[in-house]
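Chemist: Chains as they are written, first to last, in this note's numbering: chain A, 29 to 144; chain B, 22 to 131.
Derived from the structure by calculation, the hints contain no laboratory data.
Predicted model only: the values in this text are computed from it and were never measured.
Hints may be right or wrong, so weigh each one.
[Unchecked claim] Within a straight-line C-alpha distance of at most 25 Å, the following computed DSS-like cross-link-like pairs (lysine-lysine) qualify: (1) K77(A) x K43(B); (2) K77(A) x K57(B); (3) K65(B) x K77(A); (4) K62(B) x K143(A); (5) K139(A) x K65(B); (6) K92(B) x K89(A).
[Stated by the list, open to error] Only part of the chain A face toward chain B is listed, based on derived beta-carbon distances under 10 Å: (7) G56; (8) A57; (9) T58; (10) Y60; (11) F62; (12) G69; (13) K77; (14) F79; (15) D82; (16) G122; (17) Q131; (18) L132; (19) G135; (20) A136; (21) G137; (22) I141.
Even for Gly, the Cβ is constructed at its ideal location relative to N, Cα and C.
Spelled out, the chains give:
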Amino acid sequence: AQSVTQPDIHITVSEGASLELRCNYSYGATPYLFWYVQSPGQGLQLLLKYFSGDTLVQGIKGFEAEFKRSQSSFNLRKPSVHWSDAAEYFCAVGAPLMDSNYQLIWGAGTKLIIKP
Amino acid sequence: DTAVSQTPKYLVTQMGNDKSIKCEQNLGHDTMYWYKQDSKKFLKIMFSYNNKELIINETVPNRFSPKSPDKAHLNLHINSLELGDSAVYFCASSRDSEAFFGQGTRLTVV
């Protein structure tokens, strides 16, 4: 069955420190992979996506993620976090349905807490 | 311009009432979705519509019914509201599986 696992329910890092949020997926073929961020009281915003090609993808707000097929992972990284990065982060896999449509399969989310 | 907009942003209502949440997208996407996010932030897909046809129905109660008058709109009707329906409901639209989300509607049933 297709699934997405975000092992960390919450992570606390100091402002200015580096960040890595983990995401593992279970899917039979090469998936479309996404990271979304949800700030408090807000909707979800796309940070970055991987469809094909270079396995290291750059996103908005200084985030990047690396697709590792051998590990079925798509971890999100940022070299230096800012207090405004405090939010909920969701990893998702796009699985194709019939008629060229897709279903997004979501991880449970990781809450990022920033220490001053 | 807001890409995906949903109204209202907040909705407080009593048990047993019937309510609707509206969603509109101006992105020209063919597929629209409704998600429910519970208090633990878990996202559950409820419905998606592609070209006015329902393509996913994740066994939600039949008190919930999506209505799509055209490709740009997907409204969510909820009958006989229950306490457990309290959640944040997100509308989204997509192309090539990249989804764009509305700001959410926080539904509180009292």
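Chemist: Hint by hint, say whether it matches the structure.
Modeler: Status of each hint after checking the structure:
Proposed proximity of K77(A) and K43(B) is contradicted: the alpha carbons are some 28 Å apart, above 25 Å. With a C-alpha separation of about 23 Å, the suggested pair K77(A) and K57(B) falls inside the 25 Å cut-off, and the hint holds. Of the supplied pair hints, the one linking K65(B) and K77(A) holds, its CA atoms being roughly 20 Å apart against a limit of 25 Å. About 22 Å separates the Cα atoms of K62(B) and K143(A), which keeps this hinted pair within 25 Å; it holds.
Proposed proximity of K139(A) and K65(B) is supported: the alpha carbons are some 18 Å apart, at most 25 Å. Distance check on the hinted pair: K92(B) and K89(A) sit about 32 Å apart at the alpha-carbon level, beyond 25 Å; violated. For G56(A), the suggested interface contact is broken, since its CB lies about 16 Å from the closest CB of chain B, more than 10 Å. Annotation: interface hint on A57(A) violated; nearest CB of chain B at approximately 13 Å, more than 10 Å.
Because the closest C-beta pair between T58(A) and chain B is about 13 Å apart, greater than 10 Å, the hint is violated. With a cut of 10 Å, the hint placing Y60(A) at the interface with chain B holds, because the nearest CB-to-CB distance is about 5 Å. Among the interface hints, the one on F62(A) holds; its C-beta lies about 7 Å from the nearest C-beta in chain B, closer than the 10 Å criterion. With a least beta-carbon distance of about 8 Å to chain B, the hint placing G69(A) at the interface is held under the 10 Å criterion.
Here the hint on K77(A) is kept, as its CB sits about 6 Å from the closest CB of chain B, short of 10 Å. For the restraint placing F79(A) at the interface with chain B, the shortest Cβ-Cβ distance is roughly 8 Å, inside the 10 Å limit, so the hint holds. Against a cut-off of 10 Å between C-beta atoms, the interface hint on D82(A) is violated, since the closest Cβ of chain B lies about 17 Å away. The interface hint given for G122(A) is met, as the beta carbon of that residue sits about 3 Å from the closest beta carbon of chain B, less than 10 Å.
For Q131(A), the interface hint holds, since its Cβ comes within 10 Å of a Cβ in chain B; the closest pair sits about 6 Å apart. For L132(A), the interface hint holds, the least distance from its beta-carbon to any beta-carbon of chain B being 6 Å, beneath 10 Å. With its C-beta approaching chain B no nearer than about 9 Å, G135(A) sits inside the 10 Å limit, and its interface hint holds. Restraint check, A136(A) versus chain B: the minimum CB separation of about 6 Å is within 10 Å; hint holds.
At a threshold of 10 Å, the smallest CB-CB gap from G137(A) to chain B is about 5 Å, leaving the interface hint in force. Taking 10 Å as the C-beta contact cut-off toward chain B, the hint placing I141(A) at the interface is violated, the least distance being around 14 Å.
Going down the numbered hints, you'll see the structure goes against 1, 6, 7, 8, 9, 15 and 22, while the others check out.
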